[in-house]
Amino acid sequence: MRSQSVYKVPQGKLLKISVEYNEKKNIIKNIWITGDFFAYPEEAIELLEKKLTNTTLEQEQLLQKIRSIITEYHIQFIGVDAEGLTKGILMCKL
Amino acid sequence: MKEQWRLLQTGFNTAFSNMAIDKAILVANSEGKVPPTVRFYGWMPRAISLGYFQSVAEEIDVKACKQLGVDYVRRITGGGAVFHDKELTYSIVIPESHPAVPKNILKSYGRICNALLHGLQHLGIQGTYAPINDILVDGKKISGNAQTRKINTVLQHGTILLDVDVDTMFSLLKVPNEKIKDKLIKDVKQRVTSIEHLVGKRIHFEEVAEALKKGFEEEFRIELVPGNLTKEEKTLAVQFEKECFSTTQWNHRR
Chain A
1 MRSQSVYKVP QGKLLKISVE YNEKKNIIKN IWITGDFFAY PEEAIELLEK
51 KLTNTTLEQE QLLQKIRSII TEYHIQFIGV DAEGLTKGIL MCKL
Chain B
1 MKEQWRLLQT GFNTAFSNMA IDKAILVANS EGKVPPTVRF YGWMPRAISL
51 GYFQSVAEEI DVKACKQLGV DYVRRITGGG AVFHDKELTY SIVIPESHPA
101 VPKNILKSYG RICNALLHGL QHLGIQGTYA PINDILVDGK KISGNAQTRK
151 INTVLQHGTI LLDVDVDTMF SLLKVPNEKI KDKLIKDVKQ RVTSIEHLVG
201 KRIHFEEVAE ALKKGFEEEF RIELVPGNLT KEEKTLAVQF EKECFSTTQW
251 NHRR
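Going down the list, the sequences are from chains A and B. So the first sequence is numbered by the numbering used here: it starts at 1 and just counts up by one. So the second sequence is numbered by the numbering used here: it starts at 1 and just counts up by one.
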């Protein structure tokens, strides 16, 4: 199953996320995070997408995973944050 | 004596060449081979630049671009899609360690945008910086900006609208459906302004460049000395254009 979401982060930028996921297991198979936000370093987005593969599509698990990746790889987002990314990803499921 | 930075006026180039030149300056500056640099330039042919994180398929009507002879290129900076038509684009490249640049990224956007605000003042225009990356006049957008930091060096580039053709802009940038498109065009017309609209007359690229030069000199208390790309920068730019910015692999990577 593949679906998309468009989410305007409050006081932030427009996120357009596309997720391919396993419905039975409720896990992410592939994810593409696009939009007009900023991230430093930029290449970290590809890393984030890769690391989110096989993550369960569930609020707390996603949020924790994204937060830990941001901390571990010293990623700085502007115009979007871990909460916004989590919300945008989960919106793909609706 | 004031610190001297380099001023480059590289004229009008293709989208691929323009993005390659900015990256070449970034690399040369990171290696200490060139001083902090401010560059003013235009786009020929007209082009769309996409933010690093944007998807071509989501943002651009590729077919319409081809029909109108409009190129498109992915930037190394984030932010949104920009239709580069009647406008001036600037870039500034400076070491991250330079005292003129705040360590905090948002603050550094503000500092660089202040230079643009001083420049606009020289044209009789009073603008305000609207975080994250816009400059507004009377609440309408006149300038968008985007910054990256790589190899301990800051590159910020942005545009100042001289005039705006919203109808063409929206035939190139993707909008979900015709109904929304009409509404958006009206909406965008109300949200975007340009130097020509504000001063009520035709204005030349060179006048705006001169005003912005003064703006950068005032904000950073420096002197901008006209210069040229070094031989090495030119070689790098040709390389980056060929290997990256003109390739489908780069432009369609998202």
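Calculated directly from the structure, the hints in this document are not laboratory data. Don't take every hint at face value.
[To be verified] Partial selection, computed: residues in chain B whose CB lies under 10 Å from chain A:
{"hint": "1", "residue": "Gly51"}
{"hint": "2", "residue": "Thr77"}
{"hint": "3", "residue": "Gly80"}
{"hint": "4", "residue": "Leu106"}
{"hint": "5", "residue": "Gly110"}
{"hint": "6", "residue": "Ile132"}
{"hint": "7", "residue": "Arg254"}
Predicted model, so just to flag it, every value in this text is computed and none were measured. Cβ atoms here follow ideal geometry from the backbone N, Cα and C, with glycine treated the same way.
Hint by hint, here is what the structure shows:
Because the beta carbon of Gly51 of chain B sits about 5 Å from the nearest beta carbon in chain A, less than 10 Å, this interface hint is met. Hint on Thr77 of chain B holds. Least Cβ distance to chain A is approximately 8 Å, under the 10 Å limit. Proximity of Gly80 of chain B to chain A holds as hinted, the smallest CB-CB distance being about 4 Å (cut-off 10 Å). A distance limit of 10 Å between C-beta atoms decides the matter here; for Leu106 of chain B the minimum to chain A is near 7 Å, and the interface restraint holds.
Interface hint status for Gly110 of chain B: violated, as the beta-carbon distance to the closest one in chain A is roughly 13 Å, over 10 Å. Interface hint status for Ile132 of chain B: upheld, as the beta-carbon distance to the closest one in chain A is roughly 6 Å, under 10 Å. Proximity of Arg254 of chain B to chain A holds as hinted, the smallest CB-CB distance being about 6 Å (cut-off 10 Å).
Taken one by one, the earlier hints fail for this structure only at number 5.
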